[in-house]
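A.B. asks: Chain residues, written in single-letter form:
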Amino acid sequence: MKKKGILLILLVAVMSLFASAQGRMELRFNEAMVQNDSNLVDHTGHRSAWIEIFNRSYGTVGMEQMFISNQKIDIPANGQKPKDFLNDYAKEHPEVLYEIPRGDVATKVAPRTHIVFFADGESSQGALHLSFKLTPGEENNLYLYDVNGDLVDAVTIPANLPANNTFALKSDGASNLIDGVMDASAWSVRDGQDDATAITPGKYNQRVINENIEKFHEKDPHGYIISVIAMLIVFSALLMLSILFWLFGKANKAANKEVAVQQQVEKAVEPVQAVAGNNDEAIAAICMALYQHFNAHDEESGILTFNRDANTAWSSKSGMMRSLPQKQ
Amino acid sequence: MVLLESFLTSNLEQFWNFTGFANCTWPNLIMICFGLLFIYLAIKHDFEPMLLVPIGFGILIGNIPFQPGNEIGIYEEGSVLNILYQGVRQGWYPPLIFLGIGAMTDFTALLANPKLMLVGAAAQFGIFGAYMIALAIGFMPDQAGAIAIIGGADGPTAIFLSGKLAPNLMGAIAVCAYSYMALVPVIQPPVMRLLTTKKERLIKMKPARKVSKNEKILFPIFGLLLTCFFVPSGLPLLGMLFFGNLLRESGVTTRLAKTASNAMTDIVTIILGMTVGASTQASEFLTADTVFIFFLGFCAFVIASCSGVLFVKLFNLFLSKDQKLNPLIGNAGVSAVPMAARISNDVGLKYDPSNYLLMHAMGPNVAGVIGSAVAAGVLLGFLG
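These protein sequence lines are chains A and B, in that order. Numbering-wise (the numbering used here), the first sequence opens with residue 1 and increments by one. Numbering-wise (the numbering used here), the second sequence opens with residue 1 and increments by one.
No lab work stands behind these hints, which were simulated from the structure alone. All C-beta atoms in this analysis are idealised placements derived from N, C-alpha and C, irrespective of residue type, glycine included. Be a bit skeptical, because a hint or two may be false.
Covered by chain A, according to a simulated footprint, are these stretches of chain B (three or more residues, beta-carbon under 8 Å) [what the hints assert, rightly or not]:
#1 119-125
#2 139-149
#3 212-220
#4 227-238
#5 355-361
#6 366-376
One-sided and incomplete, this derived list gives chain B residues near chain A with beta-carbon spacing under 8 Å [said to hold, decoys possible]:
#7 L84
#8 P114
#9 K115
#10 F128
#11 Y131
#12 A136
#13 G223
#14 L224
Residues from chain A that face chain B, not an exhaustive set, calculated with beta carbons under 7 Å [unchecked claim]:
#15 F85
#16 G223
#17 A230
#18 A237
#19 M240
#20 L244
#21 F248
#22 Q262
Just chain B, same shape as in the assembly:
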């Protein structure tokens, strides 16, 4: 009887030590609260639900306390989560997402008015502004580059670059990038109002011209050749983006384009979001660096929005009266498709209910996707 009792006690004790309750620490609980907050924001307030639900749930998965050594955790070699996480570490998922983005993006608005590409380029100053601030705070150039890419407002690009330049900061950078992308409607409108006059907000832009099918087919081909000859290090992202777009525009690979833009993107988004969330373990995430990353991410978004709007104002000085651009489309240069373009449209409609800027803003918006991928390639080329 005594033997049985001691046997049971020792086994129960062993089981207790194995449970999450015995291994739980305060940082784990804080991170679980973060995960719950993300899920709440996504479901209740519709903040980027496609991303914040997988990331939020991933945070819960990654912060369940357990005894190490059982091939469970995301950082334990051979575990299922670790195998899925390799796609993030090795940079497989972001290019696949870019393939889907290419297959679902219509570049017509950009092709109808190619000068809008420059607005997308100008908004990338957010990245380099944040890079300078990060250096001033004391980050090393590679870490600063990885953090600054948040200003591109492009989740896959941020994950791709941080995975290469600063893998230890990747979790915080990804969460920060997606959080601020969800907060675009909060961050951008005040900046846009601050930097524009009422008269400028009322500018009506000329309707876009018709774009031929040939132009749409040639765009991904020449886009790839031109950008990747400039920045070969951006090839994984740009190559897949333009490839996806060619699948869409060629007209003969509709089935492939549909798969790339629907099923495949959904699958990769689920795995990417979940594994990125799970990688934010308390020990890696709850550090002073994370606070700085969130601060720098905010700076990057604000600088990017400002530089886009200011560039349009500057550009207007050289354009004839009937060619003038509404500066409210400048903020859309920060990727974040199509959220940023919708903000341009909404703010424009507030001042003139007949001034629909959505299609005009889509130009710099999709140019921002290309611009941020080029900027990531440049940073990787210099600092990788």
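Here chain A stands alone, though its shape is the one from the complex:
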């Protein structure tokens, strides 16, 4: 019992770890600005390159001890744990790899929200300041590694990205690596000239609309389609339930009947057994004789029913009643 309990706790712990890792794998680079002259200002009043990451999962994700890098890190297969290797690498090469420190609540990303890191090489300013910078006029690569060294996401920002423009996902979080390489078609350059190309650090790249509502408003303005479909679904669900329990009811009735018949047979056979013992042939012969003599079946052919009149002179009320004297 104790062992089972420990196993169960371990299982739950492993599953929760897995769930947490699942959440971190749902983080995506979402928008980045390399040369920031007139855009976002950090808490010290300075402008610098910034990188926005989107948590596309429906749970809060803690980013502590994850790694952000400006070049791909090849983790050697020398038996050293990837996490330890990256840890050491981040200490030795802060200009390349940044480990997000522990203990800062700012690095927890709420479901479906964004986090913005400043790539200013000033990691002493706080957990949201990377230890490396982005270089204007050059291709900038960004890699996000999980705590255990798994590659979560990567993006290559083009060299020709103008100042104060961003390289952003067209739709928030809508990109996946294909064989470890970014899907370039999901990205676009945004210059902030209009709503469609607005620069949106910490906010959604596209205007959030409930597509379902817009769709129904446009395609089904009177509500006929949704009403018919919904009624069909309600009817189908309850009809299935109704049929299922009608069948259960039938089966239950049949089972009850079978039990009742069995009990009846056992009851009827008892007095016959008293005469014939356990000799099956004798029992069958007596039953057949009785059947023929009385033609005594009621509902089911082949099953004998002995209806004994329980009333005797001792118990019957009518038998004990005296007749009133007849009037002459």
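Starting from the known structure of chain A, arrange chain B on it as the hints suggest.
C.D. replies: Positioned in the frame of chain A, the structure of chain B alone reads:
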């Protein structure tokens, strides 16, 4: 002396500005009158007192005028009322109420005659009829869906769905749903009489068969699996409803079933009613939308009652003479347990004092609870 006088004056002035008298507006007073009316109806006329007393008192609480910024109001983050209100906003309370409903509902009448489930399904047309009217009036589909669910005649379902689809209308929708549920004895009988002939009202239904314990245990399990595979978005309500019912029927969790159906439901009902009432602040409640919501709620109730009764009449065309259903049980398809079933019984007894329809009407009545939760799940799936 002068200093003391000015000190006192400024403090009294500050205190006066802090009081409800200084901050009172006409809409506040109108809402307070509404709250008093609800309390009066509940206490004097016994209209759904368990709900209208907490809601009515909640309206008083929510409409006491005060200076904002002191973490007092229900919409001020961090206030006690706001913390309690999160259960409504986030949809925690309705599923808990459904757990209690499941634990106190006996589905025997439905299991004895499973075809009555279809009556519960038919009555849900009230929801979609009201949805179409709401769209015609000019509501957006999500708002129309939230308002239309009033036709399900199920308070927790209405709060759950409106909290998800149209939180700004939730107060008005909840008050409307509970008000019309209290008015079921007024709304339904004329509709039932209008749509049935005297001969139909006299139909005597076959006594219900005996339902085994196994069937009662299997119902919540298969009910959950079947309905939630169809409509996963109804899981919070249906899951809790069937879970509560399993606690009741399993026979081995009587203590849990008792707690769920008594103490827990009472606690949640108190908090839910009070916070929903308090959320009906004048600025949110006294709008043209509220008038439309009450109109649409009425339409939804009438359509739901009509469709239930008419469906039974239609169904009778396909049933043998000894299997025929009394159309007076059709209105009970609109949830509102057990009020709607009692109406069926009362109207039936008026025409034949020996025709007790209560147990027959309980079938569609409890099917209506399932049906309205499924309908809410469908609307949430489409519009959420």
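A.B. asks: When the hints from earlier in the document are held up against this structure, which numbers fail?
C.D. replies: Numbers 5, 7, 14, 15, 22 - these are the hints that the structure violates, sorted from lowest upward.
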